[in-house]
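Visitor: Take the given structure of chain A and dock chain B to it, following the hints.
The listed protein sequences derive, respectively, from chains A and B.
For what it's worth, my numbering labels the leading residue of the first sequence as 1, then goes sequentially.
For what it's worth, my numbering labels the leading residue of the second sequence as 185, then goes sequentially.
Worth flagging that the hints you see were computed from the coordinates, not collected in a lab.
Think of the CB as a built atom: it goes at the ideal place given N, C-alpha and C, for glycine as much as any other residue.
All clues given are correct.
Selected chain A positions facing chain B (in silico; Cβ < 7 Å):
| id | residue |
| --- | --- |
| 1 | I31 |
| 2 | L44 |
| 3 | S56 |
| 4 | S58 |
| 5 | E60 |
| 6 | V62 |
| 7 | E153 |
| 8 | T155 |
| 9 | L160 |
| 10 | A178 |
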Amino acid sequence: MAYRRRKKTARQVAETSAPNLNSLMDIITIILVYFIKTFAASDLEVQDPSVQLPISSSIENVEETAVVMVTGAKRKEPDGGYAKDVPTIVVDGKVVTRLDASTYRVADSIKEKGFVIQPLKKELMEIRKDQGSTAAITGGEGFTGKITLVADEDTPYRVLSDVLVTCGQAGFGTFKFAIIKKDS
Amino acid sequence: MAAERRKGKQGREELQVSEPDLLPIMNIIFMLILVLISIAAFLPLGVITTQAPKLSGGAAASSQPPKDEKPPLGLTIFAVKEGFNLRMFGKLYKAPEGQPDAKALIPVKAVEGQEGDTEHDFEALHQKLLEIKKKNPQEEQLIIMGHDDFPYSDVIRTMDASRMMESDEGGKVPLFPMVVLGAGIF
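Excised from the complex, chain A in its bound form (with noise of 0.2 Å):
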């Protein structure tokens, strides 16, 4: 008697011991729609290697704006290291013009008024003239005046103020400086 349910319970054992995948399916599936969510609902992404953006304690978040690049003198390669590189104004994608890299000053002889660089307000004033047609067509908010700036680190001064300049000549007056967040 006590062989044989010795016997029936090796064989319960045996039967029951396939896992059920079916809860860890569930999980894992939560999991994945949560990175593939979250990855989604980002308005900016800073992939440039030769950008570090400063740190702030701002908890602001990032809005979709048109986006002004300033990309730094250094490049961050895969080994860790840095290898110098051309600072650069860069508009939505789009290469606008490079810095000297031995002042890291916009050169004189593209900006007017001391201030204003030239084929970046051209190129704003284009991004400006397409978010108006395209509200026109689509019935949406439009010309909204708003611009992100993704700017290094080491960015000085006189470049930056150069760049808001500009923006604030081709009609956008309110920036949003991209940082890190320090306390997330």
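Guide: What follows is chain B alone, placed relative to chain A:
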């Protein structure tokens, strides 16, 4: 769905439905998660909102307020190489009281562990701004003007020192939340 016929306990045939093999799907999903984790930057990005810079020749505003009204503070932080100077009510403060030979109102400080290196004293600036806010609680605007080589990271740190302060209850409240970057000669 695989189905097979087996004999039951009493010899009758039972239709037994076997569960689908989920392991390959699990493997794919697991690999997807790993890929997503590996490409994720995990940098929580945010922004600081400011208004367009004002071109300035450094002179005080020429318009005179009515006599019975308090003149605007017009607080401006000048980040010079030697430290921070402030301008309030049109007057530039370049040295602490009783120290006319000081190089700046809030001079740069030595960087800990790096002999010879100096950095701007953001904590001292914050304390100075708290004093100013106590005397002018209604004021919210501030202009920052940096020297040509003042790095962007220090601009952000100056903004951080200027925008918020600890409240008595422990939370954070605005100090000078309307920060404007200035451009021009000073």
